[in-house]
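Asks: Okay, here's what each chain looks like letter by letter:
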Amino acid sequence: MRAEELEREVRRHSPNLFSFWAPKKVHVVLDEDWLGRAVDWYEDLLFGMGVTYRADIWDCENYSQLLVVLASLEMVKYWRADVRVPIGWFTVMPEVPWSGIPAGAKHALVMARTRQGLVVIEPQTGVRAALADYPNRHRILEVFFE
Amino acid sequence: MRPARLAGALAAASLLLAACAQRPAIQVDPLPDLPRESYAATASLSWMQVMSMLREVPPVSAAFKLEDERYFVVTRPWVEEMHRWFVGFLRQQLDSGSVEEFLRDRPRKVALMLESLAELDVQRNHAVKGQALVGMMSVECGRIATQVPVDGHLCYYVVFGAPDGFHVLDPVTGRIDALRDFPWRDDARLLSF
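Listed in order, the protein sequences are those of chains L and H. 8 is the number of the first residue of the first sequence in our numbering; add one for each residue after it. 30 is the number of the first residue of the second sequence in our numbering; add one for each residue after it.
Calculated from the structure, these hints are not laboratory results. Note that this is a predicted model, so its numbers are computed, not measured. Backbone N, C-alpha and C fix where the C-beta goes; we use that ideal spot for every residue, glycine too. You may find that some hints are simply not true.
Cut-off 20 Å, straight-line C-alpha distance, at most; resulting in silico cross-link-like pairs (EDC-like, lysine to aspartate or glutamate) [said to hold, decoys possible]: (1) L:K32 to H:D134; (2) L:K31 to H:E169; (3) L:K31 to H:D134.
Here are the simulated distance ranges between beta carbons [as the list claims (entries may be wrong)]: (4) H:S90 to L:K31: 23 to 29 Å; (5) H:G171 to L:D51: 40 to 46 Å; (6) H:D124 to L:M8: 26 to 32 Å; (7) L:A112 to H:A92: 17 to 23 Å; (8) L:F25 to H:D215: 30 to 36 Å; (9) H:H182 to L:D140: 35 to 41 Å; (10) L:E39 to H:Q121: 22 to 28 Å; (11) L:V134 to H:D215: 45 to 51 Å; (12) H:R209 to L:G124: 45 to 51 Å; (13) H:P178 to L:E11: 18 to 24 Å; (14) L:E50 to H:D124: 28 to 34 Å; (15) L:G124 to H:D215: 42 to 48 Å.
Just some of the chain L residues that point at chain H, by a computed CB distance under 7 Å [as the list claims (entries may be wrong)]: (16) N69; (17) Q72; (18) L73; (19) V76; (20) V83.
Assemble the whole structure, with the sequences as input and the hints as a guide.
Replies: Structure, rendered in structure tokens:
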């Protein structure tokens, strides 16, 4: 799918989106099972590094960015300069708690486009949900697909 | 899209999807351990100290996510080690020509990885609030031939604060320069941490 299609799809669920960025390339949708394995692997990696969620440290964008980079690296063996993997991170001002993360403070999570549609991932806990079911989808501010 | 081109595109997409479907479990190599000694453990700086360091270089705009934290400098060997890991991983997956092409095409990936790892390492080793002084610098590509411009005109470098000042890592070549000696510093647009 093209970047413009990806943006339209995100905005359909998140009409209050302030900004969207994605490379102007073809984005190859991901396999849902692969994404699940990637997230599981990532949670193990964080555990092995001794990194855990702390409410008093504003580091959610680090968890998100690192998952995005490592997940797209896993696809590197299929790399072509003219295609991208549609996985990125976004910021949100959550209205309701989700996946153990409290509401009320700006937060960063991961978004990916699989064959089943757009998926939201909380990289600190591994919880996933369809964007259509994500309760704070109307409060998403910025999306960056790398 | 004309039918012939559509058929070609569908065939290419099918091949990619087939490749995805056949892939086994995740094969990312484990990250190298990041020893505590890789940080100057006592060298966390205040906001004012960071601003003072930045004043040593020509005026470049800087954006910080937070301005009331402690900022941790990182060591040059740690940055070099992580860049080597990144390139080594790519070499396991791609032929040598493609590794350079990948780095030219996606320099932001290197910066994002280093920034994220550095800040998670601050959390792990220091267990305090604080941001690592690792980020990226956007530069007008104009005279730069080693990267494919992002959005048609921007190139990206890793920028990091070390005990002896700010440095710039070229994500393609791995070369490190002091920010004040960075050859394209006059074309720099923004440092973001």
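Asks: Give a verdict on every hint.
Replies: Against the structure, the hints:
Of the supplied pair hints, the one linking K32 (chain L) and D134 (chain H) holds, its CA atoms being roughly 12 Å apart against a limit of 20 Å. Taken as a hint, the K31 (chain L) and E169 (chain H) pair is honoured in the structure, with Cα atoms around 19 Å apart against an allowance of 20 Å. Between K31 (chain L) and D134 (chain H) the alpha-carbon distance is near 13 Å, which keeps this suggested pair within the 20 Å criterion. Look at S90 (chain H) against K31 (chain L): about 25 Å separates their beta carbons, and that is inside 23 to 29 Å.
Roughly 44 Å separates the CB atoms of G171 (chain H) and D51 (chain L), a value that falls within the hinted 40 to 46 Å. For D124 (chain H) paired with M8 (chain L), a C-beta distance near 28 Å keeps the hint of 26 to 32 Å intact. Checked against the hint of 17 to 23 Å, the pair A112 (chain L) and A92 (chain H) passes, with Cβ atoms roughly 20 Å apart. Between F25 (chain L) and D215 (chain H) the CB atoms are about 32 Å apart, so this pair conforms to the stated range of 30 to 36 Å.
Checked against the hint of 35 to 41 Å, the C-beta distance between H182 (chain H) and D140 (chain L) comes to roughly 39 Å, which is consistent with it. For E39 (chain L) and Q121 (chain H), the Cβ-Cβ distance of about 26 Å falls inside the hinted range of 22 to 28 Å, so the restraint holds. Taken as a hint, the range 45 to 51 Å holds for the pair V134 (chain L) and D215 (chain H), whose Cβ atoms sit roughly 46 Å apart. One distance hint, 45 to 51 Å for the beta-carbon pair R209 (chain H) and G124 (chain L), holds here, with the actual separation near 49 Å.
For P178 (chain H) paired with E11 (chain L), a C-beta distance near 20 Å keeps the hint of 18 to 24 Å intact. In this structure the supplied range 28 to 34 Å holds for E50 (chain L) paired with D124 (chain H), their Cβ-Cβ distance being about 32 Å. Distance hint check for G124 (chain L) and D215 (chain H): the Cβ-Cβ separation is about 46 Å, which falls inside the suggested range of 42 to 48 Å. Interface hint status for N69 (chain L): upheld, as the beta-carbon distance to the closest one in chain H is roughly 4 Å, under 7 Å.
At a threshold of 7 Å, the smallest CB-CB gap from Q72 (chain L) to chain H is about 4 Å, leaving the interface hint in force. For L73 (chain L), the shortest C-beta to C-beta distance to chain H is roughly 4 Å, which falls under 7 Å, so the interface hint holds. With a least beta-carbon distance of about 5 Å to chain H, the hint placing V76 (chain L) at the interface is held under the 7 Å criterion. With its C-beta approaching chain H no nearer than about 5 Å, V83 (chain L) sits inside the 7 Å limit, and its interface hint holds.
When each numbered hint is compared with the structure, no violation occurs for any of them.
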